[in-house]
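Asks: What follows is the residue order along each chain.
2 protein chains.
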Amino acid sequence: MSQTAEYVKEVGRRAKAAARVFGQCGAARRDKALLAIADALEEGVEEILQANAQDLEAADQNGMRDSLKDRLRLTPQRVASIAEAVRQVVALPDPVGEIDMGTVRPNGLRIQRVRVPLGVVGIIFEARPNVTVDAAALCLKSGNACILRGGNEAIHSNLLLARLMRGALARCGLPEDTIQLISDTSRESANAMMDLRGYLDVLIPRGGAGLIRAVAENAHVPVIETGVGNCHVYVDATADLEMAVNIIDNAKNQRPSVCNAAETLLVHKDIAGQFLPLAQAKLQEHSTQLRCDPAGCAILPQSTPATEEDWATEYGDYILAVRVVESLDQALEHIARYSTGHSEAIVTRDYDAAQRFLNEVDAAAVYVNASTRFTDGGEFGFGAEIGISTQKLHARGPMGLRELTTVKYMIYGDGQVR
Amino acid sequence: MSQTAEYVKEVGRRAKAAARVFGQCGAARRDKALLAIADALEEGVEEILQANAQDLEAADQNGMRDSLKDRLRLTPQRVASIAEAVRQVVALPDPVGEIDMGTVRPNGLRIQRVRVPLGVVGIIFEARPNVTVDAAALCLKSGNACILRGGNEAIHSNLLLARLMRGALARCGLPEDTIQLISDTSRESANAMMDLRGYLDVLIPRGGAGLIRAVAENAHVPVIETGVGNCHVYVDATADLEMAVNIIDNAKNQRPSVCNAAETLLVHKDIAGQFLPLAQAKLQEHSTQLRCDPAGCAILPQSTPATEEDWATEYGDYILAVRVVESLDQALEHIARYSTGHSEAIVTRDYDAAQRFLNEVDAAAVYVNASTRFTDGGEFGFGAEIGISTQKLHARGPMGLRELTTVKYMIYGDGQVR
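Taken in order, these protein sequences are the chains called A and B.
Start counting the first sequence at 1; every next residue gets the next number (the working numbering).
Start counting the second sequence at 1; every next residue gets the next number (the working numbering).
Okay, chain A solo, but in the shape it has when bound (with noise of 0.2 Å):
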């Protein structure tokens, strides 16, 4: 075994050692704990800065294009926001040791399953030092123990957030191995991470779509998939035009490089003519490039032919990509071809056809009449997330806390047997 995987499996010892103290400490001391993490980050700001000017360094040294720069960069004011979601995350309902099903068997045993925390959770993550203290605050309120691996661009950041919250459990007294992060930023130290069986109960990539595949891939542990949004909106022949122009505009240009944000805009036959140039209209506020098929083209014929390509890709900026459908059945076929089962939308006012893409869409969210942008734990009023998931197992859309537990059956005898 190589030095990298010895690490990270030491790693993974001490994590589930610190999971054992640390699921079983009661939920007033992990909130004391996340409160303690909370001025530890703003008492540290000076450090936490002086951390992030090195990665911002490094970044300008690299020749970083100014956008990611600016998700890199800390300020005062975001130490102090990063602070207050953890206190926010405090004040969200604790999940574990709720009973979501309790009986008594005719032989007199009763058994309820209970929620439990996961044990320890593995998070491998990009840029933005802030996911750092997010994903651990999210971890350590569920009663988990987390492993972090961020990416090397934010590193002295990140080590620097690690030491201050690891500080702040020890004060608690809890184990600080709650919270490790992997300071070998190499892609051997993600693939131990992936091969870490018997010491993750999960592994969640949060990222871009190359990472999201790599994990999903390689891993021999489990994983949960998130945040690769194909997204549709499709507008039926019925449409309040109005409606599905703020929507369409909403869903592509409100903040085009997230996961929930729309790529293709799929238009009924009968009302193509009407609405794309209304649309068009709206969209070009934004400079937002359309991507037509032959139909598209011919009712707005300045705009650019669509390739096959373009209905697959999830383009993360100001492009859209256009196609008129014959029906709502051709709408389904299209989603259910394309589609990464992340958030679909369709503008109507026929009833069947909300019915039916309701029922008949396969995907996480499916909208009548409103914006894919709502895809999000806030946005669903779970409070905060630890990402979006795009797989079937487990979770679906925004997880929040409950997500990151299970749970486990306790059963009460008086000495039955079978």
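Hints are computed from structural coordinates only; laboratory data are not their basis.
Some hints here could point you the wrong way.
Examples of chain A residues lying across from chain B (beta carbon under 7 Å, computed) [to be verified]: (1) His220; (2) Pro222; (3) Asn250; (4) Leu358; (5) Asn369; (6) Gly397; (7) Tyr412; (8) Gln416.
Quick reminder that beta carbons are idealized off the backbone N, C-alpha and C, glycines included.
Model the placement of chain B on the given structure of chain A, informed by the hints.
Replies: Below, chain B alone, put in the same frame as chain A:
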């Protein structure tokens, strides 16, 4: 891509297409199809027995052990009870369509979390042909298509059972590809199933520890690990000795080959001298071999000394490892180290010991004063089970129909944008 992999991929494509239709056909038509399957099995009993005879003949030629041959053998009565089990599945409550969360957000968005079928369920299993029908019935009841890959020993029986079930589906006007059996029983076909990304929503291995480990380690699709059980019974210092004797005897000897049977007895040192001779006397009725640690051997001089390996072994036989522990803490340590997270039991009259055991043992099912043998979908009141999950994601413990579903957020708006 090899011919086998190409074939399995085609099976995956057909399953996905069938699942889209079958998943929408409604509970009444699903139930009708299941009843038609039960009838078809009863009507086809002669054909089934002929096919089974071919498998039994091959088993003879290959010198299969009698106990395995018995599991492979079908009789008119066994076929009747397989058909009856299908009818019992029809009678179970339907989890599909259940709304487990619903809210209206301040912006008026109406959000509902609705239970829906997973889509396509893959099952890799070993000898017993009844699994072919049981697994298919549970998948169909919960609205899923299934891909079944049984062992070579039962291939003639399985092919015929699948043909009869597919015929019943077709007669009901439903896609026969909702049930597919992989006719190629090479290791390569199992590997190809583990690679069916984009087609399989979950893969469930049912069989020995070797099969389960191979699937868990090599699959690139979501997996649910089932049924590896290194289960412990801990007899505390305050235990009712008669109750403890009955529980360890039942947990070990009632059916030693199954995963919820106990493999190790832990006994508190304060009562070991009194308890172990009583336990031995009872266990001797089944000639159960005891493998003891040194303290146990001192009490039971004629027993076999245990090695490190014994603590980690799932015997599946009339063998029991025995260790005398200093304290509850040492028992908890032992279980944390060797448990496979299936079922663990304490026998005690001490309230605090019971609570600590329930809270601190990390397993799917934790018992106070009852046999580990109760971890079973039927015993828990679930009506049927597709396996017992020993992992923490998605499902833990006995998996019934609900565990073969996922959720989908359906969101009703009237033009909301962010």
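Asks: Going back to the hint list, which numbers does this structure go against?
Replies: Hint check: nothing fails, all pass.
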